[in-house]
Structures are given as C-alpha cells and as structure tokens.
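Asker: Sequence:
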Amino acid sequence: MSVPLYQAKAELFRTLGHPVRIRVLELLQDGPKPVRDLLAANDVEASNLSQQLAVLRRAGMVTSYRDGALVMYSLSTPDVADLLAAGRRILGAVLTDRDALLDELRASRTDR
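Going by my numbering, the sequence shown opens with residue 117, and the numbers climb by one from there.
Any given hint might turn out to be false.
Label pairs and their calculated CB-CB ranges [as the list claims (entries may be wrong)]:
hint : residue 1 : residue 2 : range
1    : A185      : G208      : 22 to 28 Å
2    : A162      : I138      : 14 to 20 Å
3    : D183      : I138      : 41 to 47 Å
4    : D153      : L217      : 37 to 43 Å
It should be emphasised that the hints constitute simulated quantities derived from the structure, not laboratory data. C-beta atoms are modelled at their ideal positions from N, C-alpha and C, and glycine is treated no differently.
Make the full structure from the sequences, and use the hints.
Answerer: See the structure below:
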C-alpha cells in the first residue's frame, strides 16, 4: 500500500529539518563534493555528518559514488536546488513582511 502524497511531502520536508542537511545540500548545488570538503564546511563531527548524509541518501536527495579513494556526493536532481531556492524566496518574503510589521509597530508607538 502506498502512502498518500501529503504524507510523502511531509516526510520530504522533515528530511530538510536539520541545519547540517540544509548546509550540505547548499554546498552540493555547485556540483559534486568529496566528504572531506563537506566536513570542512560544516562544524560537526565526522560521525554526525555521516548520519546526516545517510538521511539525505535514504530520502533520495543526494547520491554518492567513489572516485578513487574519495567518496563523492551530489544532488540527485536539480529540483533539489530549485527547492532550496524556493525556500530562500519564501524566507525572504516572510522576513520582509515581518520587517514591515515591525516598522508599523514602531511607528504606532509614536502615534499614541
């Protein structure tokens, strides 16, 4: 029995619910990277990075392969980069709205 689409989407977004996973996906937008580069760009233990990469692999968001002695990671599809870009746009819009609301609140204090 397959899961409903809304449940599959919820699971996808849960996968994105960790800062290290987001950072890894952002780094991979520029192309494949070896684990050592991902580790250098994240302030985490190697075991933690390994766990987060495993979550991303299981979710199908990244793929891995060997290049000689290096284990390389890449985005599984350009759509992952598109999703991150959409997240940035949404966050920008939300923060802009909050800034406008904050400005309105500050202005209303002087209008007592």
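Asker: Look at each hint and say if it fits the structure.
Answerer: Verification of the supplied hints:
no., hint, in the structure
1, A185 <-> G208: 22 to 28 Å, "41 Å, violated"
2, A162 <-> I138: 14 to 20 Å, "19 Å, holds"
3, D183 <-> I138: 41 to 47 Å, "24 Å, violated"
4, D153 <-> L217: 37 to 43 Å, "40 Å, holds"
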